[in-house]
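Build out the structure end to end from the sequences listed, making use of the hints.
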Amino acid sequence: NAGVTQTPKFRILKIGQSMTLQCTQDMNHNYMYWYRQDPGMGLKLIYYSVGAGITDKGEVPNGYNVSRSTTEDFPLRLELAAPSQTSVYFCASKYGNSRNQPQHFGDGTRLSIL
Amino acid sequence: DQQVKQNSPSLSVQEGRISILNCDYTNSMFDYFLWYKKYPAEGPTFLISISSIKDKNEDGRFTVFLNKSAKHLSLHIVPSQPGDSAVYFCAASARTGANNLFFGTGTRLTVIP
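If you're matching them up, the sequences are chains A and B in order. In terms of my numbering, the first sequence is residues 18 to 131. In terms of my numbering, the second sequence is residues 388 to 500.
Don't read these hints as lab results, they were simulated from the structure. It cannot be assumed that every hint is accurate.
Claimed, not checked - Some, not all, of what chain B presents toward chain A, calculated at C-beta under 8 Å:
hint	residue
1	Ser397
2	Leu421
3	Pro431
4	Phe433
5	Ala485
6	Gly491
It should be emphasised that the depicted structure is a prediction, and the values quoted were computed from it without experimental measurement. Ideal Cβ positions, reconstructed from N, Cα and C, are used throughout, including at glycine.
What follows is the structure, given as C-alpha cells:
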C-alpha cells in the first residue's frame, strides 16, 4: 500500500524556470493538500482540494497553481521559480471532512531555487 | 502571524523518563488539536488528537492534555524511548470551511539511551 507518493524527492531549479511537483494517493481520499515547510518553521498550507475539479487557496498560495482532474492526483505547479520558493513541499490526503480522520503525508520534495 | 506556537525548539530527555512537549495557540476558534511526529526525510505521521470537549486523551504511552482557558496543550510521553527521537508538530483546526490545519514550528525531541 503506497499511500501518498511525491515525485521528485529532490530538485534544483534556476530562477524563472517552471516545474510541476507530482502527488498521487491510492487511498481513495477525496481531500488533498499541499504544504511548504521552510527551515525552522511549521508547515504552511498552499492549496487544498476537497474533490476532483475543486481547489481552493490556503495561507500561502502566491506563485503556485494546482489542478485536480482525478481523485488520485494533485499536482502543484511553479510557473516562475523564485529563491523564496526554496522549501520542502509536502502533499497530504485524508478521507472526508471529519476531523477524526487525520491527514496522511508523503515524504516530501526538497526544492532549491538558485 | 503564527497562530500555533511551540516555544521550545528542542528537548533532551533520558530514556525511561517523561517527555513533555508544549504548544500554545492564539485563535479562540480552534477546537481540535493534533500532534504529528516527523523523522528526517519522511513526512509527518499522525500521533494523537484531542477535541475541545475533552481535557485529556490517552493512547498508550502518549497523553495529550488541553487547557482551553490558557489556550495551551501538552503532549506527555511516558516512558520515553530512543525511537521517540523526532520532531513533534502541534496542529490546530477550527470548525470552519475545510477544517484546515495550522501547524506549530515543531520541537525536536532527543531521547538519550
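What hints, given by number in increasing order, does this structure fail? 1
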